[in-house]
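Chains as they are written, first to last, in my numbering: chain A, 2 to 383; chain B, -1 to 242.
For the record, the hints were derived by calculation from the structure and aren't laboratory data.
All the pointers check out, no bait thrown in.
Ranges between beta-carbon positions, derived for each pair:
#1 A/Phe250 x B/Gly134: 53 to 59 Å
#2 B/Arg106 x A/Phe318: 54 to 60 Å
#3 A/Leu272 x B/Gln133: 45 to 51 Å
#4 B/Glu175 x A/Val379: 37 to 43 Å
#5 A/Lys7 x B/Glu175: 32 to 38 Å
#6 A/Val379 x B/Gln215: 41 to 47 Å
#7 B/Gln133 x A/Ala263: 55 to 61 Å
#8 B/Asp119 x A/Phe250: 57 to 63 Å
#9 B/Arg106 x A/Val379: 30 to 36 Å
All C-beta atoms in this analysis are idealised placements derived from N, C-alpha and C, irrespective of residue type, glycine included.
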Amino acid sequence: MMQQIKIVWLKELKDAVRDKRSVMAAMSYAFFGPLLMAAAFYMLISQLTSESDVEIDLKGTEAAPAFTQFLAERGIVQRDKPWPAGREPIVLEIDPEWADKIARAEPVAVTLTADFSAQKQRADIRRVEAAVNAYSSQLGSMRLLMRGLDPRLMQPLDLVKQDTATKGSRAVLLMGSVLVFMLLSVFFSGMNVAIDISAGERERNSLELLLSQPLTAQQLVWGKALAASCFAMFGGVLSVILIPLIFKFLPLQNIGISVDIATAHVFLIMLLLLPLALLATALQLFVSFRAKSFKEAQTYISFLLMVPMLAVFGVEFARIKTPILYYLPLTGQHQALLDIIKGENLQYAAMGISAVATLALSGLLLALIGRMLRSEKVVFGL
Amino acid sequence: MIEVKELRKSFGDVHALDGLTFSCPAGQITGLLGPNGAGKTTCLRTIYGLLQADTGAALIDGIDAQQDPLAARKKIGIFPDKFGLYERLTAREQVMYFARLHGMDSTRAAAATQQVLERLDMVAIADRRATGFSQGQRMKVALAQAIVHQPKHLILDEPSRGLDVMSTRILRDLLRELRSQGTSILFSSHVMQEVAALCDQVVVIAKGKVAAQGTPQELCELTGESALEEAFVKIIGTDEGIAA
Chain A
2 MMQQIKIVWL KELKDAVRDK RSVMAAMSYA FFGPLLMAAA FYMLISQLTS ESDVEIDLKG
62 TEAAPAFTQF LAERGIVQRD KPWPAGREPI VLEIDPEWAD KIARAEPVAV TLTADFSAQK
122 QRADIRRVEA AVNAYSSQLG SMRLLMRGLD PRLMQPLDLV KQDTATKGSR AVLLMGSVLV
182 FMLLSVFFSG MNVAIDISAG ERERNSLELL LSQPLTAQQL VWGKALAASC FAMFGGVLSV
242 ILIPLIFKFL PLQNIGISVD IATAHVFLIM LLLLPLALLA TALQLFVSFR AKSFKEAQTY
302 ISFLLMVPML AVFGVEFARI KTPILYYLPL TGQHQALLDI IKGENLQYAA MGISAVATLA
362 LSGLLLALIG RMLRSEKVVF GL
Chain B
-1 MIEVKELRKS FGDVHALDGL TFSCPAGQIT GLLGPNGAGK TTCLRTIYGL LQADTGAALI
59 DGIDAQQDPL AARKKIGIFP DKFGLYERLT AREQVMYFAR LHGMDSTRAA AATQQVLERL
119 DMVAIADRRA TGFSQGQRMK VALAQAIVHQ PKHLILDEPS RGLDVMSTRI LRDLLRELRS
179 QGTSILFSSH VMQEVAALCD QVVVIAKGKV AAQGTPQELC ELTGESALEE AFVKIIGTDE
239 GIAA
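Turn these sequences into a full structure, and let the hints steer you where they fit.
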């Protein structure tokens, strides 16, 4: 029984390893995916952290050189270039009677004109406001001091902000998408092999002879599924190793995020992906054994790839929070991975149960495929 | 010994097999002769259990392929209607794969593979991948796959198509040699010369039934013709689907 599975498994593995297309497919997803992601994050980080100058229209600066100087120190400077199309100008107008009013200690009007609903300009507007407020309170303090009063009189309360967000929990936002990548890697990497050993076998007319050999359809299916799972797992392992490695080179600390997956956790993730790799293969074989050609199978499988994506993103966006998710195939692995990244307490029992559920579902699918291959309708496409 | 008893098989309204009965004794070559669509391939597929007969049975040494397909398949070598090679494997690896599937351990499988490759004069191409193989070379690989485990029964579906003269001779010699070793051989064909040259017994089938059965001589005497082709035409009553 096992011997036959092993023979099929080894043969399919040898066949697949020689197929450059399959190997490239397994590698490219694991390699280029994280690289692409890293590039995107790199852009995001540099955008978030760059303290470039805010260029706005300043009017009446000649009346208040000290204020203008102050603004320039805070990176708010006169704009030389015209405003790009579709953007409302931000204008800061200083009262021409600045010097007189300051001398008399009267409030001076400083008018900020801008589209306050514009998302893109919100950060710029806030910086201008903060700078104006800072100058105002600085001036206020000086006036109090000159009158012999403690400026702290004006600050009866002191709001102390303590950010309890750990670097880990902030990372969840970012790593959520990376996780999806790891999960999907097992779906992508074995895909080509899965098609080749099912629909491909039919296309090159070798299915009939193979089914006429002294082995059960069940043994055949398991041998093939294990071979494709090896490829799926290969891609999974590669992405689990590469993603933390690539993220080490990103200046994530600049945005207050640390992505640090302990080595033990890396192995745990691989272990979690193992049953998922079998499930991915079983699903792919299930559809592509029905297809008559490689092309047809590819079409079906591209639809099939939506399943894990929908499951993972759906849970994420719908904010479904139920403990059942921990025990189901696919979502169970997803939740476990989230916990690992968040650094929360790991629910090993739930992981075990979802692994068993995943394996059971795969076994069921493979049994169905075996039954399908005993049906002459499917085999000969009658 | 392959026995086919009262096989019936329909695909929808089409009666592919309609009470087919014949047997192939050990140490004899039986030719299954019939026009296109007569049910030759359906009959062979039913014998190795790939198709389920509606009624009737196909027995291989008394084992019903419908009841115990694995045991039946262990006893037969198959050269199917459609055979595809694994393009990325060498000829030796393909043949070895089938030897292993028939339960040989790797040393025995390697020895049996070497033997069959030598027998079929394939040593020169044995370690080449199948991608560039000619039709004849592909046929030889398929043939080697069918006989590597030295089955007592050999079923071939139109084995000589696409073979050049030299390969056809190798095939004929091989079949005769296997016959002398006591193998029962059943092959389908519509090439008259080949059937006349090789077969101890000819089963002519038309419309899923046995139309006539006997040695090539007997068939000729039966119809009063001197050539098997003419006899065949008379038996099936039409000259459709014959390749001389």
